[in-house]
Amino acid sequence: MLVLTRKSDESIMIGDSIEVTVVEIKGRQVRVGINAPGFVPVYRKEVYLAIKQENLNAVHSATSEDALKLASAFEKR
Amino acid sequence: MKIQTTRFGELEIPEPRVYRFPNGVPGFSDLKFYTFIDKEDLKPFAWMQSCELSYLAFLICPADKIVNDYKPKAKRGDMNAIELNDPAEASVHLIVTIEKDIAKSTTNLRGPILLNESKRLGVQIVIDDSAYATKHLIFARRA
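Respectively, the protein sequence lines represent chains A and B.
Just so it is clear: in the first sequence, position 2 is 2 by the numbering used here, and no numbers are missing.
Just so it is clear: in the second sequence, position 91 is 91 by the numbering used here, and no numbers are missing.
I should point out that these hints are in silico values taken from the structure, not numbers from a laboratory.
Note that the Cβ used here is the ideal one computed from N, Cα and C, for glycine as well.
Accuracy of the hints is not assured; some may be wrong.
As the list claims (entries may be wrong) - Below, computed lysine-lysine pairings styled on DSS-like, alpha-carbon distance capped at 30 Å:
{"#": "1", "chain 1": "B", "residue 1": "Lys43", "chain 2": "B", "residue 2": "Lys32"}
{"#": "2", "chain 1": "B", "residue 1": "Lys104", "chain 2": "A", "residue 2": "Lys69"}
{"#": "3", "chain 1": "A", "residue 1": "Lys69", "chain 2": "B", "residue 2": "Lys135"}
What the hints assert, rightly or not - If you anchor each label on the Cβ, the simulated ranges turn out as follows:
{"#": "4", "chain 1": "B", "residue 1": "Lys104", "chain 2": "A", "residue 2": "Glu46", "range": "22 to 32 Å"}
{"#": "5", "chain 1": "B", "residue 1": "Phe139", "chain 2": "A", "residue 2": "Ser8", "range": "45 to 55 Å"}
{"#": "6", "chain 1": "A", "residue 1": "Ser8", "chain 2": "B", "residue 2": "Ser130", "range": "19 to 29 Å"}
{"#": "7", "chain 1": "A", "residue 1": "Met1", "chain 2": "B", "residue 2": "Pro14", "range": "43 to 53 Å"}
{"#": "8", "chain 1": "B", "residue 1": "Asp101", "chain 2": "A", "residue 2": "Leu56", "range": "18 to 28 Å"}
{"#": "9", "chain 1": "A", "residue 1": "Met1", "chain 2": "B", "residue 2": "Asp101", "range": "18 to 28 Å"}
{"#": "10", "chain 1": "B", "residue 1": "Lys71", "chain 2": "A", "residue 2": "Gly38", "range": "17 to 27 Å"}
Sequences and hints are given; from them, build the entire structure.
Below, the structure written as structure tokens:
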């Protein structure tokens, strides 16, 4: 990992089109601003990982047989 | 195009049935092409099958069959990915995780799939709002 030290209002360029700015430092929290092209998704990492994990769970759980059981149970609810 | 699938064997998918996900989905961000397979006995659930990886398929369900008043907040980047200005124009689907005890199966309200049906574009959005659960019980009383 590349580690850089920045003060408030200082920025980092990632490639030509992504800019990360330290907006404010307040106690133990840093407010970080990101300027990126519209097609680049930006996420809090722990939320991204939670979605990724649930996607993996979903794929592994999705067999044809169990899907039919679920649909049948859903219809009867 | 012919695609290989582990659940359905080889399928012939006409090009208009292929959706492009410019960002893929978290966990599979390199895979950009999916098709949707409806089976009468699975309704309202359907399969979102990768056109590129035979094992990769998600069981999905329209969000309005599972929750009321579900208004996932999409970021500008998400809307750009599917070329829509208004999230209300997207069709919204939830990915299902089936449990061994079927009654405990869940949907991921924090990672809905949004589709632009007319342009056949899709995105899985990642919602920061912790009011929504990644494991929302399908058979819970509707919120």
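Hints, one by one, checked against the model:
1. Lys43/B with Lys32/B: holds, 25 Å
2. Lys104/B with Lys69/A: holds, 12 Å
3. Lys69/A with Lys135/B: Satisfied, since the Cα-Cα distance of roughly 19 Å is no more than 30 Å.
4. Lys104/B with Glu46/A: 22 to 32 Å: holds, 24 Å
5. Phe139/B with Ser8/A: 45 to 55 Å: For Phe139/B and Ser8/A the Cβ distance comes to about 50 Å; the hint holds.
6. Ser8/A with Ser130/B: 19 to 29 Å: Holds, since Ser8/A and Ser130/B (Cβ atoms, about 28 Å apart) stay within the stated range.
7. Met1/A with Pro14/B: 43 to 53 Å: Holds: the Cβ-Cβ distance is about 45 Å, inside 43 to 53 Å.
8. Asp101/B with Leu56/A: 18 to 28 Å: holds, 20 Å
9. Met1/A with Asp101/B: 18 to 28 Å: Given a distance of about 42 Å, which is not inside 18 to 28 Å, the answer is violated.
10. Lys71/B with Gly38/A: 17 to 27 Å: holds, 21 Å
Comparing the model with each numbered hint stated earlier shows that hint 9 is the single one that does not hold.
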